[in-house]
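*Asks:* Those protein sequences? They're chains A and B, same order as listed. Counting in the numbering used here, the first sequence runs from 1 upward without gaps. Counting in the numbering used here, the second sequence runs from 1001 upward without gaps.
Hints listed in this document are in silico derivations from the structure and should not be mistaken for laboratory results. Mixed in with the good hints, there may be bad ones.
[As the list claims (entries may be wrong)] Dumping the calculated BS3-like pairs for lysine-lysine here, alpha-carbon to alpha-carbon at most 25 Å:
1. A:K66 <-> A:K38
2. A:K165 <-> B:K1010
3. A:K177 <-> B:K1010
4. A:K165 <-> A:K149
5. A:K66 <-> A:K165
6. A:K177 <-> A:K165
7. B:K1010 <-> A:K149
[To be verified] Quick list of simulated restraints, FRET-style, between CB atoms:
8. B:A1171 <-> A:N86: 42 to 50 Å
9. B:A1241 <-> A:R151: 50 to 58 Å
10. B:R1177 <-> A:R151: 51 to 59 Å
[To be verified] Reference listing, derived: stretches of chain A covered by chain B, where coverage requires no fewer than 3 residues with Cβ under 8 Å from a Cβ of chain B:
11. 35 to 42
12. 54 to 66
13. 77 to 88
Glycine residues also receive a C-beta, built at the ideal position from the N, C-alpha and C atoms.
One-letter residues, chain by chain:
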Amino acid sequence: MALSGDTAIRSGMNEDVALAAAGDASAFERVYRTHVAKIHSLTRRMLGSHEADEVTQDIFVRTWQKLGQFRGDSAFSTWLHRLAVNVVIERRRSFAIQRERMTDDPAALDFVTVAPARADLTVDFEQAIELLPPGAREIFVLHDVEGYKHREIAVMLHITSGTSKRQLHRARMLMRKHLDGL
Amino acid sequence: MKMHTEWTDKLSDYLDDELEAAERAAVDAHLRECADCSAVLNDLRRVIALAQSAAVDARPPQADLWTGVAGRIDRIRQPRRVSLTVTQLAAAAVLVAAVSGGLAWQFAPPFGGQGLRSETSATDDVVRALPGSPERGTREGRSADGGAAAGAESGVAIVGVSLADDQYDAAVADLERALNQGRGKLDKATIAVVEQNLQTIDQAIAQAREALASDPANSYLSGHLVEARRRKLDLLRRATALTDMD
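Bound conformation, chain B alone:
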């Protein structure tokens, strides 16, 4: 088949009646004499006919897509709400028990107030130098026991717990604010659990502070206070994250 592209290029416009009258007449004349171009024209007619029949031959998707659509619509229709599973609630309860139980255990140490060493005491920042101390304001590389020992040796005493107070307080305040703003997205049961856990942790923190006030050198209390504050931060982060879930 010999292709006359100068003519075949016009065939779609010819079929779609997009040519000017004179140009259409010229194409007509060529088609009367050229079997090859007439064959191309017939092929294009066939393509168009198939396309038109495809228009009424709509095939549904193989998978049912409604579930996905309905899920997304549901999220649009209702304010986002998050429910905790029983497992998640249990995990939260365990967290609270661990914090409060650990602190209770620490509040009654069996060894003259010294207690057992905790492997996880994260007390880099529990040591605060006394006024006038050359180490005032430094918090680096100091373990709880090391801090206490160093305090005894260098005149630095443990006078309280600071988990980088300014930063910690700011972080807690930010998370509490975010949680308050997003609490409408949580269901009541979840809010109740979170608030109860926070209350318990706050009580533990307050008790630890009180205990440390009378026994400031107790590194275990310091460590657990740090741990309780860390857990509060963690719980707030998790609860806030729940409000951000789709």
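For reference, chain A alone in the conformation it holds in the complex:
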């Protein structure tokens, strides 16, 4: 157990998180249900819909395994989010996608289907994210959606800040091109 209940309360740790860290699966289910939408959205945007379910499960299994390491120094959601990003990055590396992610493909959004008469803008935006080239998408999601800084992204992805900036701009320009069509 990472923390006793009293310690958890003093440190501001969510009680369910503390119980889950102690091995309470029911508490962990509550933790899961609280955070699954955000984690699934992250994995869907970074990896695409086809991998999101499986990787989301991987993330929560990893969370269960590592809960004992959470000391409450930061918000649990922050800790979980970082863990999720790490799992996503590992997944991409494991499939050797990393090699391809900086591939220049400015025409990627040419394949975006024409939006229906008035589809929900958010859905089209989500679809456009999925159609970004992998490297640009990863950085766009981390920076513009998740709020990471270029220097943080550079460390996570083992790239330079300059590369992160260039890929972000490329992604924004591709997104702009798509949104222009609405």
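Given the coordinates of chain A, work out where chain B should sit on it, guided by the hints.
*Replies:* Leaving out everything else, chain B in the frame of chain A:
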């Protein structure tokens, strides 16, 4: 719209406040004069705003993923345990009955100890040449009956059963060791069934050996001994495989 890429390439850094003061001032000056680049800037602002709104628009998965997570967590929390279904237990019982029943039938052959020919007697290695025989140590291409007949004709006699003894014993020992190591992953009922079946098969093997000692030329006993040993190996393999299941 005319794109000035030398300027638009700076717009993301401009929006993110990543430009040096002088460079920022230059971009500002250009934007005041260029409607096209100003339009691009506004588009990029819109993209960023949509991304930020997406951050708070988290959508849950369409399928409930908790069942899968819970299943994997459960396997982490507890030592792996495997339960046999009633059907599997019944199948194991049938296996034992087949072995022991077949042997019992063979132990009391109705035809002067010769019994009926079994179609499945796998006795390639039941023949062992007598010391001094030119065929000593050879085990190839010989059926049970053929072996016996050949023994009668060439001086080779059946003196025991060897299912490649060294290899067989080593395989059985390895599997028994693996099973012992993994028995903690099986539930008690499964362990009991496996042990009972192994005990029954071992008894059948011992009885067959004993019977063969007094009737070494009985190819049916030899065949069934081979079959019983094969079944023991098979049961050990299956039981060991159960301990490896996730």
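*Asks:* Next pair to validate is K177 (chain A) with K165 (chain A); report whether the Cα-Cα distance is within 25 Å.
*Replies:* Since the Cα atoms of K177 (chain A) and K165 (chain A) sit roughly 18 Å apart, the hinted pair holds (cutoff 25 Å).
*Asks:* Taken at face value, is the distance from the CA of K1010 (chain B) to the CA of K177 (chain A) at most 25 Å?
*Replies:* 17 Å, holds
*Asks:* Within the assertion that chain B covers the segment 77 to 88 of chain A, do at least three residues meet a Cβ-to-Cβ distance smaller than 8 Å?
*Replies:* Check failed, 0 qualifying residues.
*Asks:* Can you let me know if the beta-carbon spacing of R1177 (chain B) and R151 (chain A) is within 51 to 59 Å?
*Replies:* 55 Å, holds
*Asks:* Does the Cβ pair A1171 (chain B), N86 (chain A) satisfy 42 to 50 Å?
*Replies:* 44 Å, holds
*Asks:* Under the criterion that the straight-line Cα-Cα distance not exceed 25 Å, is the pair K165 (chain A), K149 (chain A) satisfied?
*Replies:* Holds. K165 (chain A) to K149 (chain A) sits at ~10 Å (cutoff 25 Å).
*Asks:* Is the listed coverage of the segment 35 to 42 of chain A by chain B valid when you require three or more residues with a beta carbon under 8 Å from a beta carbon of that chain?
*Replies:* Answer holds; 5 residues pass the 8 Å Cβ test.
*Asks:* Need the status of pair K66 (chain A), K38 (chain A): alpha-carbon distance at most 25 Å?
*Replies:* 19 Å, holds
*Asks:* Given the hint that K165 (chain A) pairs with K1010 (chain B), does the C-alpha gap stay at or below 25 Å?
*Replies:* 10 Å, holds
*Asks:* Given a hinted range of 50 to 58 Å, is it respected by the beta-carbon distance of A1241 (chain B) and R151 (chain A)?
*Replies:* 51 Å, holds
*Asks:* With a cut-off of 8 Å between beta carbons, are at least three residues of the segment 54 to 66 of chain A near chain B?
*Replies:* holds (count 6)
*Asks:* Tell me if the straight-line CA distance from K66 (chain A) to K165 (chain A) falls inside 25 Å.
*Replies:* 32 Å, violated
Hint compliance for this structure: hints 5, 13 are not met, and every other hint is.
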